[in-house]
Amino acid sequence: MDTASTRLAARAVALGATCALFLLAGCASAPGSPAPSSSDTGYSLESQAPKPPTGDVIATGTVIDADGAAQLCLGAVMESYPPQCVGVPLEGWTWNDVEPDDESGTTRWGVYGFTGAYDGTSITPTTTPIPLALFDTIERPVSTPGTPGATSETALADVQEKISDLLDSQVLLASGVENGYLVVDVVWDDGTLQKAADADFGEDVVVMRSALWNPETR
1 MDTASTRLAA RAVALGATCA LFLLAGCASA PGSPAPSSSD TGYSLESQAP
51 KPPTGDVIAT GTVIDADGAA QLCLGAVMES YPPQCVGVPL EGWTWNDVEP
101 DDESGTTRWG VYGFTGAYDG TSITPTTTPI PLALFDTIER PVSTPGTPGA
151 TSETALADVQ EKISDLLDSQ VLLASGVENG YLVVDVVWDD GTLQKAADAD
201 FGEDVVVMRS ALWNPETR
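Residue numbers (the numbering used here): 1 to 218.
Everything labelled a hint here was simulated from the structure, so no lab data went into it.
Be a bit skeptical, because a hint or two may be false.
[As the list claims (entries may be wrong)] Estimated spans, in silico, between C-beta atoms of each pair:
(1) Asp97 - Gly176: 33 to 39 angstroms
(2) Gly120 - Pro83: 23 to 29 angstroms
(3) Asp119 - Thr94: 34 to 40 angstroms
(4) Ala66 - Thr154: 19 to 25 angstroms
(5) Glu99 - Ser47: 42 to 48 angstroms
(6) Ser122 - Asn96: 17 to 23 angstroms
Every value quoted in this text rests on a predicted model; they were computed, and no experiment measured them.
Cβ atoms here follow ideal geometry from the backbone N, Cα and C, with glycine treated the same way.
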């Protein structure tokens with residue numbers, strides 16, 4: 001083979017290698033893979049936090065009032081007697097208009113629904129709480145898309161661990177894998193955490209579900 005043919009052959013090999021690299025790069029941004037663009041979008045779970053809602057939110061769950069310090073349990077409730085949880089503090093809670101389901105010593109509790117103002121730390125009821133079985137709420141949207149997610153359970157478990165480390169106390173214990181997606185239950189999200197998760201891990205991987213919610217902005 002002459003010198004010119006050798007050079008042409010070398011260029012062809014180099015061009016083929018370059019095309020292969022571009023193909024690999026395209027595959028890296030397929031659905032279900034980590035997104036490399038969080039710094040470009042400005043969204044990241046490490047730096048973003050939702051603002052408190054401007055309107056009232058719907059709140060449902062177990063209220064535990066221990067020695068006058070009431071809290072709303074949005075996540076797991078320990079099966080002790082009396083029950084315990086790590087919940088959101090309730091300001092201005094009163095038993096004047098609602099009966100507790102049970103009580104033990106100085107602790108009273110029950111399961112209720114009500115609307116309230118959330119300031120990012122505590123909830124102040126704005127309507128009289130009623131037993132949850134009688135609380136009529138607008139139907140919440142479906143948690144995950146109808147089409148199953150394409151991310152493996154191993155990859156979703158890794159994402160879950162990272163999100164738990166980043167969001168800490170905002171993540172509720174009910175989070176888990178549903179229909180191929182990682183559904184993360186948080187105290188409150190106005191869409192900020194969802195955008196940040198999409199930027200960090202790719203779209204169609206994480207579904208952020210807000211325990212407190214406003215039907216007008218769902």
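Violated constraints from the hint list, given by number and in increasing order: 3, 4
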